[in-house]
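S.K.: On the provided structure of chain Z, position chain A as indicated by the hints.
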Amino acid sequence: MATVKNSELEQEHLVHHDHVHDHHDDHEESFVSKYIFSMDHKMISRQFLITAIIMAVIAMGMSIIFRMQLAWPGEKFGFINAMLGDKWGKDGILDPNMYLALVTIHGTIMVFFVLTGGLSGTFANLLIPYQVGARDMASGFLNMLSYWFFFVSAVIMTASLFIDDGPASAGWTIYPPLSALPEAIPGSKLGMTLWLMSMTLFVVSSLLGGINYIVTVINLRTKGMKMTRMPLTIWAFLITAILGVLSFPVLVSCVVLLICDRSLGTSFYLSDIYIGGRPLDNVGGSPVLFEHLFWFLGHPEVYIVLLPALGITSEVIATNARKPIFGYRAMIGSMLAIGFLSFIVWGHHMFLTGMNPFLGSVFVFTTLLIAIPSAVKAFNYITTIWKGNLQYTPAMLFSIGLVSSFITGGVTGIILADSTLDINVHDTYFVVAHFHIVMGLSAIFGMFAGVYHWFPKMFLRMMNKKLGYVHFWITLITAYGVFFPMHFLGLAGVPRRYYTNSNFPMFDNLVDINEIVTICAIIGALGQGIFIFNFFYSIFRGEKAPQNPWNSNTLEWTTPMANIHGNWPGPLPVVHRWAYDYSKPGKEKDFVLQTVPLEEGENDGDSH
Amino acid sequence: MNFLVLLAIVLLIIAGHQLLRVIELSRGLKKTKEWQVSETDNNMMGKAMLAFMVFFFAFFFWQVDRWMDRSLPPAASVHGEKIDALWDANIYLITFVFLVTNAFLFWFAYKYRGTKGTKAVYITHNNKLEMAWTIIPAIALAFIVIFGLKYWNEITADSTDAKKVVIELYAKQFDWTARYPGKDGKLGESEYRQISGSNSVGMDTADVFGYDDILVKNEFHIPVGREIELNMRSRDVIHSAYLPHFRVQMNCVPGMITTFKFTPTKTTAEMKKDPYVVKMMAGINAQRAKSGKEAVEFDYILLCNKICGASHYNMQMNLIVDTEADYNSWISKQKVFKSAVASKN
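In order, the protein sequence lines correspond to chains Z and A. The first sequence begins at 2 in our numbering and counts up one residue at a time. The second sequence begins at -9 in our numbering and counts up one residue at a time.
Don't take every hint at face value.
Short, incomplete list of chain A residues facing chain Z, as computed with Cβ under 8 Å [stated by the list, open to error]:
| id | residue |
| --- | --- |
| 1 | Trp77 |
| 2 | Tyr232 |
| 3 | Leu293 |
| 4 | Asn295 |
I should point out that these hints are in silico values taken from the structure, not numbers from a laboratory. As the structure is a prediction and not an experimental result, all values here were calculated from the model. Backbone N, C-alpha and C fix where the C-beta goes; we use that ideal spot for every residue, glycine too.
Just chain Z, with the same shape it has in the complex:
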């Protein structure tokens, strides 16, 4: 009864909204309100995506520079000199401080600006109102602010690349005292200040967005859109937003204490330090406190990056396998379990920090628990493909790529979660391989899948399929070519964040491995040019998109291909079934839109 009442209220509210909408049509929107300070979720989503693509190109370019240094240390490259100038790339040789700055900013941009802002910002914005059947986000204004905080934060982070002392260079985890003491490394001067400012604004953006996503999913679902009928994309965005809202503020507190230590002479993280030829007065603080606070965000952050990609993949795989997602309820349960557990595993980053070993054992246990829902998800994807009728759109290819990288990178997590085994590979390339495959590749594959799949909704045109195919195969092969060999570097004991391995004879026999990694990275990076061309070309010159190009069930494909304000010209659609009635027996077509009423005696969803 209560639900009926709610949806009646919503209908009333929306009638009112419709009125506003009519009113709007009388005026031509100005360029500024349409393209810049837009409050429309579709425009904000495009803004996030294009910003993220620019940031991704910067971060990828950085990785090419430091990979060249790692494969051919001491070689002179005109490219490096051209990119970094005489100060950081004298004679074409990368400066060691700049090397650390590049790995730091590469990590920061990829994790936060591309895979958090870019992925959630783009697809939660695009899909939440569309797929739950809402006119827009709960607050268009906050949503607009969310993008502009993101934008300013991205500008500050990028600007920090151009300052005299160089950008922050203490690693993306910015552990103090290295990040707190300007004497320790040049990047901890102005560069670190800008990093901290940028990240604080980023968190503001993330919170404004996250609160909006949560409220919209909970309150603005259209009539009939029960929680158990929502597409898994929406479940993923909802859980992601909750994780973000609960964990990002902790990062701010962590950052504020660091700012105090840096500027106000407090000692939250500092104690017993002698640097720059003098003892510091700070006593009683502990860097371990920082690590706890940082990873309390840092670990949920991994899932903030991963869950949206998994949500997108669920949708894309089901649609293109022409088959319901296998174990819909188990998928929701797994995501909820992953979301919950992600808050109590952060200590697995800290087994060797001097944290009490008993505390370490607790984190071993919780971390290995999280492998169970993750395994369930992987099995469910594979079973969804089983006995399907797979349609190989570029989005489908990337989704299958995601499942593969999720497994390949996931299994090494079992090793690293085990504190005993972590001892010898902690902070080595084995870790670099693990998280790049399981988090980096999976999330970026999910993002590509989303772009190819929903491009027609975003830009009303189609991307080129053949270029998509070429892009996928180059990306998949080179990605494994970059990150798989890194396991073997880790087994040989190579520490991460080394400017060169050539100061240790024990690493001299690894030269060819490093060369293979770098060559694959360069080819892979060039391959992304195909995507970028396809993306921008198709925005303007792609073929016109039809109403429902992938024969999909979800609500976004019932709106006109016009990007209109309020999404649906008439009343909001009413939902009668779950999102996964693909190839349902007794139906004429192999898909049934969520708006089609149930026939008499027909079961809804996966209930018997």
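M.R.: What follows is chain A alone, placed relative to chain Z:
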């Protein structure tokens, strides 16, 4: 030269533009749209998935074949041997899971590639199957947790060995100092405000226990078969003491003392004769010869494994594992703290 490059780029852009025009014009003539997935596409991509699986697994085994013997030599410590055994068990398990699940994935991706006229089978869930693949990983993980924590507790337990050798590892940007307690068996107190040019680790000069402490740089020695307790301190930023051959690693954190204990099982001389190491060093020296560097012999090494600044990549110290007798003779020749200070003054 620059002009030619520019010209080439401009010509390429014009050529590309013309090509696109042709493609765009020909679009209108075709019945099917470029973006539509045809049966041929599905067939091609499905087969490509299978081909990729073969390539991927071949690449995996190729790497194992070529690079596995470049892994660290078998552990040279008592607990390290246990870690290695546990490591092997886990690696076999995850490799199996990696191969089987990827095989299923890519096989299905090939087998169920879309064809016209076929319809996917409507399957929503299967409780028995789902129960099975929840419980089986849970059991496997339970074993991993049990063995992992058993060893972890042993490794991190407080040292009870009365005959242990205590050594302090002192980290600063960008070198290590090892401090031995000397004849009295006690490390002197330290205080960071007392750090100076001649007192680099901040020994408390009023503490008599410190007078016979021995400080060494660049290279330190330990006796084989004795328990070594490392106490770690840092002067400036976080460092991490990483002794990969012994499976030892622990962060050095300013403001606190961290510890790790281990018992070395092979002297440096023994390790140099180990067949695995001999083969490995041959490979290393072959590579060094190619780049014109002199040949080297095996040495244990201490690395910094936590980002600590510009020269992080070169913060190292050699470690020699001696027989008891050699160790005693080495340590008896080292200068004690007080005489070292005196000689500098």
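S.K.: Run the structure past the numbered hints and jot down the numbers of the failing ones, going up.
M.R.: none
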